[in-house]
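S.K.: Below, each chain spelled out in residue letters.
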Amino acid sequence: MTTLSRRRFLKTSAQASGGLIVAIHLPGCAFGGALPIDVADDGFVPNAFLQITQHNEIIFYCPSDEMGQGIRTGLATVIGEELDVHPASMTVVSAGSHEDYNNPEYAMQLTGGSNAVRAFYLPLRQIGADTRALILQAAAQDLGIPTSQLTTRNATVIAGDRHYPYGDFLVTASSLPLPENTTLKNSRDFQFIGQEITRVDAREKATGEAIFGIDIDVPDQVAAVVVRPPVAGATVTSFDPTAALASSGVLQVVEISSGIAVVADSYWQASRAAKRLQVTWNNPALSTVSSDSMRADLTAALYDGDDAVTDDTGDIDSALTSGAPPPQVIMHSAEYFAPLLAHAPMEPVNATLRLRNGEADLWTGVQAIGAAQGLIERITGYPRENIRVHNQYLGGGFGRRASLAHIIEVTEIALAVNKPVQLVWSREDDIKHGLYRPASLMQLSAAVDDTGRISGWRAKRAGGNLTPDYMRNSLPALMPNLPEFVLDGLTAATDYWLSRWSIDGSSVEGLHETYDLPTRQISHVTVDHGLPLTFWRSVGHSYTGFAVESMMDELAEAADIDPVVFRLKQLESKPRMYEVVAKAGELLTAMSVPEGHFLGFAAHSSFATDVAQIAEVSVTDNLIKVHRVTCVVNCGTAVNPDIIRAQLEGSVMFALTATLHGKIDLAEGAIVQSNFHDYPILRMDEAPDVDVFIMPSDEKPTGIGEPGVPPLAPAVANAVYRACGQRLRELPLRLA
Amino acid sequence: MIAFTLNGQQVEFAGDPETPLLWVVRDTFKLKGSKFGCGAGLCGACTMHLNGKAIKTCVLPVTVAAGKTVTTIEGLAGDHGLHPLQTAWITHNVPQCGYCQSGQIMAAAALLEETPTPSSVDIDRALSGNICRCGCYPRIKAAVLAASNSEAGAGDDEPALFYDATGQGGQA
Chain V
1 MTTLSRRRFL
11 KTSAQASGGL
21 IVAIHLPGCA
31 FGGALPIDVA
41 DDGFVPNAFL
51 QITQHNEIIF
61 YCPSDEMGQG
71 IRTGLATVIG
81 EELDVHPASM
91 TVVSAGSHED
101 YNNPEYAMQL
111 TGGSNAVRAF
121 YLPLRQIGAD
131 TRALILQAAA
141 QDLGIPTSQL
151 TTRNATVIAG
161 DRHYPYGDFL
171 VTASSLPLPE
181 NTTLKNSRDF
191 QFIGQEITRV
201 DAREKATGEA
211 IFGIDIDVPD
221 QVAAVVVRPP
231 VAGATVTSFD
241 PTAALASSGV
251 LQVVEISSGI
261 AVVADSYWQA
271 SRAAKRLQVT
281 WNNPALSTVS
291 SDSMRADLTA
301 ALYDGDDAVT
311 DDTGDIDSAL
321 TSGAPPPQVI
331 MHSAEYFAPL
341 LAHAPMEPVN
351 ATLRLRNGEA
361 DLWTGVQAIG
371 AAQGLIERIT
381 GYPRENIRVH
391 NQYLGGGFGR
401 RASLAHIIEV
411 TEIALAVNKP
421 VQLVWSREDD
431 IKHGLYRPAS
441 LMQLSAAVDD
451 TGRISGWRAK
461 RAGGNLTPDY
471 MRNSLPALMP
481 NLPEFVLDGL
491 TAATDYWLSR
501 WSIDGSSVEG
511 LHETYDLPTR
521 QISHVTVDHG
531 LPLTFWRSVG
541 HSYTGFAVES
551 MMDELAEAAD
561 IDPVVFRLKQ
571 LESKPRMYEV
581 VAKAGELLTA
591 MSVPEGHFLG
601 FAAHSSFATD
611 VAQIAEVSVT
621 DNLIKVHRVT
631 CVVNCGTAVN
641 PDIIRAQLEG
651 SVMFALTATL
661 HGKIDLAEGA
671 IVQSNFHDYP
681 ILRMDEAPDV
691 DVFIMPSDEK
701 PTGIGEPGVP
711 PLAPAVANAV
721 YRACGQRLRE
731 LPLRLA
Chain Z
1001 MIAFTLNGQQ
1011 VEFAGDPETP
1021 LLWVVRDTFK
1031 LKGSKFGCGA
1041 GLCGACTMHL
1051 NGKAIKTCVL
1061 PVTVAAGKTV
1071 TTIEGLAGDH
1081 GLHPLQTAWI
1091 THNVPQCGYC
1101 QSGQIMAAAA
1111 LLEETPTPSS
1121 VDIDRALSGN
1131 ICRCGCYPRI
1141 KAAVLAASNS
1151 EAGAGDDEPA
1161 LFYDATGQGG
1171 QA
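Sequence order for the protein chains is V and Z.
For the first sequence, my numbering assigns the number 1 to the initial residue and increments by one for each residue that follows.
For the second sequence, my numbering assigns the number 1001 to the initial residue and increments by one for each residue that follows.
Hints were generated in silico from the structure; no laboratory data involved.
Fair warning: this is a prediction, and the values are worked out from it, not measured in the lab.
Watch out, some of these pointers could steer you wrong.
As the list claims (entries may be wrong) - So, partial list: chain Z residues that the calculated Cβ filter (under 7 Å) puts toward chain V:
{"hint": "1", "residue": "Phe1029"}
{"hint": "2", "residue": "Lys1032"}
{"hint": "3", "residue": "Gly1037"}
{"hint": "4", "residue": "Pro1084"}
{"hint": "5", "residue": "Gln1086"}
{"hint": "6", "residue": "Pro1095"}
{"hint": "7", "residue": "Cys1100"}
{"hint": "8", "residue": "Gln1101"}
{"hint": "9", "residue": "Leu1111"}
{"hint": "10", "residue": "Glu1114"}
{"hint": "11", "residue": "Gly1135"}
Stated by the list, open to error - Not the full set, but computed from the structure, chain Z residues with beta-carbon under 7 Å of chain V:
{"hint": "12", "residue": "Val1011"}
{"hint": "13", "residue": "Glu1012"}
{"hint": "14", "residue": "Val1064"}
All C-beta atoms, glycine included, are put in the ideal place defined by N, C-alpha and C.
If we strip away everything but chain Z, and leave its shape as in the complex, we get (with noise of 0.2 Å):
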């Protein structure tokens, strides 16, 4: 018997240790917000957060979650509605198919728990581990720099105009 924290509750599971945490997550716990994509740790569309640390979870045996917190995205935001970058997220339109963004924003948190200003490069170090085959990544990292506290985000909240319906073209 296996127990830990998920989202802020005590659960137990009985099944084999050798379980990736992502498959009790979402098979055992029915949380399905955390994707798989492949498996090998490769993609981060399975990113939770273990004791607040951002992690992949498809090969992670649940085993190591033992007398742990895990925090999925169903748990991001707690009782506060949604979390900032959820809005940063929704503002700039961000997913396109959706399926790697709870692993994306699962990171993101991550990275401005311990970073708040984060710079460019410091998202993409902590962003580089999760793919996005739509290619929104412009998107994403400029909700990063929405919701965080940085210089850079702020001014950033609209996305950049380049479109003018009155005929001349506008550029950003």
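So here's chain V without its partners, still in its complex pose (with noise of 0.2 Å):
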């Protein structure tokens, strides 16, 4: 076989697909041109997504990011199906920014909203169909044998009892326009989705050889370390870099945007410097908020401010007037708080920029590569396509690694400095200056007719919104050459409208979802207190699953009804919910629990997912203990169900160090804690036992992610109050 020079092949591959090399094709601010792939000499690319060579290796440019998830072994899993390759014989890595890979669902490159396998699962098997039709063709053609004789089996072509490498096809294939809409698998004849396949990032996780963004040691890069307002906002009225400078290994001290940079030959050098800065800040508005101030602010908002209504079906007041004749019997109000917290990845955000000759490299670990190279765009100005960024795996998410004021940072400080530089933000950064989940006072009246179906609902919810700081952080990378005065402009007005007219979406989800409920009214007062918030697992359902399910045990109760047959009583038209609750309801009646153990259950639907769970709790000396949580989940087709499984064991522990520990405080606008011995996170002896029951289902897999959080707090709460009587409405949960 002709060996095809690096060059002839790129050329013959993009004349080869046409068209058909953008995959994905969906309009956005994504970045077009050529594909960020290296393609070896003797390599085939036969779009976005795959390169094959002729030694045969596969390698899958996988379009999300790898933060813990299971996203390349699920996306391996998904096009090797089609495309006929175990996952564990791929070569996965990260893809680079291109509008190819952007997201189907938000046309931009973004991991998050546990969407990936969702939006990718069609897509990604036609690719792989295609791909895999396409080489059967070339083989046909090469072997002079008919495609119908031919089959495949894990990258090779099978013709009879001769088995070929795909590899031996590709100068053929490359001649060939890539077939379009070829026909799927049947799940029937699936071999890899559903099945426990090792995730393809274990191995080397376990031996300290997969690379982060702290990881990267590019020649001659120095070290920076930023010293940031105490309070969000301020900014420098001055500094006195002395002491600084004078500390060993320190090259330089520089003002960016955000604070004082200090630069050193290493992190621990610039770290130790950065303490002897003397800088003097102003006093932003947020300066004189408080805990407590912040408390009363949604407290006021919530009872007197005026709200915006964004669900309002059927007669509300008459349903919750008090004293309404039968059939309604029974009328309940409660009031429910979730504080602001913070993501503390066990990697505290990083990135390493060079910026050479007009092109800048970046090697970091973010959830939004395509806004990160954007950012660097909009600061340097140099042209897109000399932009390149590097995501290494990420040290957890969360959430956190979409936002990117660390990318900002780096741009302005390697600018300033003239090698390449390395930002670390140690953790009392990252606890301190970070974007939380924004705290939330939630109040909750509902009726309860003779039948035991609620008869109304009103939610109402006070607290930030997190779209204007997602506005203000996006809308300058995805649009680089807008305006300055532009952009503040837009994030002005949508601060306005989400407060006046509208409701952020995700200050209110989970309020009504998951049940019938005929008559409600949902509502929302914007309280800002110009503390930066963002996106955190689960976003709003991670305070209004607590809400929604303390409400409905409650509700149970009172009409003297077992709650999982009251949740059943409100789910006739959900049928899928239906049969979550019923299942773990199976299960709990099953359960023997030792004598001081209670049981407590929860059900929440989120990210198209539904989860049940039950939460086995004991109350001993004021401490509340979890024993073990059962887990029903129903996320359409299991791609993997030992990920699924991990992804639930991690959102019980994730949610139950909310559920009893988390809580970020503010005095005088500075957040107080600052490590892990006073933002503790759960820890081995605290963890419970998981179990999770996963539906057979054979439609369109949902998101797993996330759903696994929202009925955490609510399960241990509910187990609580039988334990002891103690109806805790305040997260973290806090014996009286």
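Using the hints, put the two standalone chains together into the complex.
M.R.: Set out below in structure tokens:
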């Protein structure tokens, strides 16, 4: 076989693919142009997602960022199913920035919202099937055997008793057009989807070989640490770099837009010198806010503020009129609170940037690489095609790594320092200077009729919105050429619009959707203190799930109905969740628990997935201990049941941290907590056993990274109530 | 000049003696498997072995290692391919984001050196200094038990199967 030069191969593949190289083409602001793929000398790139070499290496360019959720394994399984290549036989790498990798539901490269398997399931299967069909056509031509007499198995074409690697047919394949709309497999014939395939990253993460952003070490790189204002939004009034500059290893002290950067030979030297820096800051409006005043503001807003109504179905006022004649039998109202939270991923955010001869290379681990590229374009003015983003494994995301302040910082520092710069946030930076899950105060009021159905449901939430901060963060990245004043105007308009006339969907999501609530009113009062807010695993559901599912148990008790039966009565038009709750009820009924242990139940739909959880809890000496959590989930087709189980186990632990410990406080506008001693994360000795029951399904897969979080806190709170009679309506749970 | 043994090799460090061992290993000797998580000895991502004992190295001045033996995740298996814990980690699909796992494995390896058949409580005690934000704790414990000679670990090689593709569902 002729060995093709790299240039010819690239050209050939571009010609051969034509428009097909743009596999999932959606409008958006992402970068097009040449694919960010290093084509091997013997490599063939049929589309943006695959490279096949003559040595039969199959490289899969994974469009979603691996932050622990198992997406590299999941999407390799999906494309491998149709391509007929076992995920373990593939080389799975992170795709670069290119519009072909846009998340089909977001029209940009963004990993979040538990949608990656759902959104890429059919497109990647189609690409796998079309590529396999192309290889088969090429094999038929080369071998002189009709495709009907050929089949494939794990990256080989089989003709009778002869096996040929896919790599044997690349020259011919590159001269043929990529087939379209090849018929996909019937789910009966799945060989990888539904199997418990070992994670493709398990080995390198067990040997320490996995590379995260913080592990990048490019020649001549220097380290940077940024000193930021104690109160978000403050700016520098003056600073004295003398002591920091005298510290060993320090190269430079640079003022940037977010604070003062100390640049040194190593991180440890930069971090030591940063503590010696003298900076004075001005006092933004936030500096008058404390946790107590924030809570008081939320209370005032909830009861006296002008609320915006997002959903008003039926005659809610009559339904909730006290003393209304039967069939109404129960009226109940309660208030729930959830505090500010930080994400605290184990790997503090970091970025390494090399600016050289008008070209930029960024090594980092973020949930939005196209936006990172856009920010560098905006700040440096370099053309987009000269900016490469090398996304590494993310040491935890949970929403935190969709925000890119550190990319702005490293770019500003790199422009001031004529060397590659690695910026690392300390854990204290992470806890004190991040973006937070908004504090939320919710009031729920409901009436239950004599059939046990909820006849009126009013839910109102007061708190901050996420969208304005997201706009502030994302617009400059997505529209790098928009002038600053236009961006300011757009974000201000969004703030105003959301606080006056509309509702930020993520602020109220989860307040009613799980159940049939034919007569309901959902409303919102925006309270903006100026603290940066962002997505936190399961977003609005992380607090609304707590309120709604606590309320469901309260109503069931008031109506004297079993909590599972009560929920089933509100699920008559939601068959999928009905089955999940019924299954969980069945498991609950069969459970026997030791004396002193109590069971609590909760269920919540989010990210198109239905989850019910049963928490087994004991309360001794004012200490809440969660022993076991049983989860029932319907997330459609289970692409990899073991990863689904792992995500539910992890969601339980993540949510249990928030249930028992999680709280960020403000004092004079500054975050009080600073590290794991005062922002504790659940540890091994507090971890419950977790059982997971996956409902069998042939439907399209739905989300799994987040939906296990919302039901946990209310399941525990409902168990605590049974254990000791205390109804706890605030997170974290604190016994009186 | 501070001399110590790093994964079986004699090494010397000429920099600031106050530098924490973690940063010497990562920045000077370019071994990146040990991680920075908190800088305060609170999370265990930086766990290495010092003369065979698990120790948090992000606040440990390199001078403490002088004349001693340091082992990192890169040196754990020696010439044996994979340490039994690493094999169990893969079999049990333990890692999620993976960032804390080097520290978890080093802490677990030191435990097994001292206590070859640990109880569940022994594991809690030995690993409670290591935070996993992804919440891999049940799998970490299962993998440690499987890698140990303990009876509790025997027969626990397969993850609990709570899924049945036949449509009936199943329970562990």
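S.K.: Now, for every hint given, state plainly whether the structure supports it.
M.R.: So, going through the hints one by one against the coordinates:
{"no.": "1", "hint": "Phe1029", "in the structure": "violated (11 Å)"}
{"no.": "2", "hint": "Lys1032", "in the structure": "holds (4 Å)"}
{"no.": "3", "hint": "Gly1037", "in the structure": "holds (5 Å)"}
{"no.": "4", "hint": "Pro1084", "in the structure": "violated (11 Å)"}
{"no.": "5", "hint": "Gln1086", "in the structure": "holds (4 Å)"}
{"no.": "6", "hint": "Pro1095", "in the structure": "holds (4 Å)"}
{"no.": "7", "hint": "Cys1100", "in the structure": "holds (5 Å)"}
{"no.": "8", "hint": "Gln1101", "in the structure": "holds (5 Å)"}
{"no.": "9", "hint": "Leu1111", "in the structure": "violated (11 Å)"}
{"no.": "10", "hint": "Glu1114", "in the structure": "violated (17 Å)"}
{"no.": "11", "hint": "Gly1135", "in the structure": "holds (2 Å)"}
{"no.": "12", "hint": "Val1011", "in the structure": "violated (17 Å)"}
{"no.": "13", "hint": "Glu1012", "in the structure": "violated (17 Å)"}
{"no.": "14", "hint": "Val1064", "in the structure": "violated (15 Å)"}
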